[in-house]
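Chemist: What follows is the residue order along each chain.
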Amino acid sequence: GAGVSQSPSNKVTEKGKDVELRCDPISGHTALYWYRQSLGQGLEFLIYFQGNSAPDKSGLPSDRFSAERTGGSVSTLTIQRTQQEDSAVYLCASSLGGVSTDTQYFGPGTRLTVL
Amino acid sequence: AQSVTQLGSHVSVSEGALVLLRCNYSSSVPPYLFWYVQYPNQGLQLLLKYTTGATLVKGINGFEAEFKKSETSFHLTKPSAHMSDAAEYFCAVRMNQAGTALIFGKGTTLSVSS
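Top to bottom, those sequences are chains L and S. Start counting the first sequence at 1; every next residue gets the next number (the numbering used here). Start counting the second sequence at 1001; every next residue gets the next number (the numbering used here).
Treat the hints as calculated values from the structure; they're not laboratory data. No experiment lies behind these values; they were computed from the predicted model shown. Even glycine gets a Cβ: it sits at the ideal position worked out from N, Cα and C. A couple of the hints might just be wrong.
Said to hold, decoys possible - Using C-beta positions, here's what the derived DEER-type ranges look like:
| # | chain 1 | residue 1 | chain 2 | residue 2 | range |
| --- | --- | --- | --- | --- | --- |
| 1 | S | LEU1018 | L | ASP18 | 45 to 53 Å |
| 2 | S | PRO1030 | L | THR103 | 14 to 22 Å |
| 3 | S | SER1026 | L | SER66 | 25 to 33 Å |
| 4 | L | ARG111 | S | LYS1106 | 12 to 20 Å |
| 5 | L | GLY59 | S | PRO1079 | 31 to 39 Å |
| 6 | L | SER9 | S | SER1003 | 25 to 33 Å |
| 7 | L | ALA54 | S | GLN1045 | 28 to 36 Å |
| 8 | L | ASP18 | S | PRO1079 | 47 to 55 Å |
| 9 | L | ARG111 | S | SER1003 | 23 to 31 Å |
| 10 | S | SER1070 | L | ALA2 | 40 to 48 Å |
| 11 | L | THR13 | S | SER1026 | 31 to 39 Å |
| 12 | L | VAL74 | S | SER1028 | 35 to 43 Å |
What the hints assert, rightly or not - Which residues of chain L face chain S? A partial, calculated answer using Cβ under 10 Å:
| # | residue |
| --- | --- |
| 13 | TYR33 |
| 14 | GLN41 |
| 15 | LEU43 |
| 16 | ILE47 |
| 17 | TYR48 |
| 18 | ASP56 |
| 19 | SER58 |
| 20 | CYS92 |
| 21 | GLY98 |
| 22 | SER100 |
| 23 | GLN104 |
| 24 | TYR105 |
| 25 | PHE106 |
| 26 | GLY107 |
Please model the entire structure based on the sequences and the hints provided.
Modeler: Structure representation (structure tokens):
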């Protein structure tokens, strides 16, 4: 079956531009997570969606970062006024529910480069 | 705050040798524990996880890990390394609380030489 997909796979942008990263979770999965993977920082949690509940935004590094999830499925992570330190691989994961024992399935990631 | 420490950012072994990747967590309450593998240019794939029950957990590709509460450890092992095991390995924890995210270690890159 189809796994988690993300687009684009690579994005190069100029400092100060806005970018949108897309995530398509596994069909039927109610929980969706965004993580950031960068050199020196490892994998960091950004934001979590569970069903129709308010998202957990506690991992977002600044107010330039936002995310939405439409119809309980596709999610878009938006970074406004990108900075060079935003360069990283952005990973999306989904799980069947929000139970802590659920396995999170990861997409291939979007590699963002800010020049 | 929860944290995960992976000892050794790089581990090199010969093909056929024992693989041992170390992971320690900090928590007064044992969390749920996971090992993920990331092959080059691919996403993370779950190797195994410990939630409850037997403390020795078997995963895919011949890997296993043992939860030791007294040592707050969850080390990953494989008796005999294959060239195809070369990848980056991440240990992660998650608290027994709905809506919590995974907290990852910094990762260990495993190299396997012939």
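Chemist: Which numbered conditions among the earlier hints are violated in the structure presented, ordered from lowest to highest?
Modeler: none
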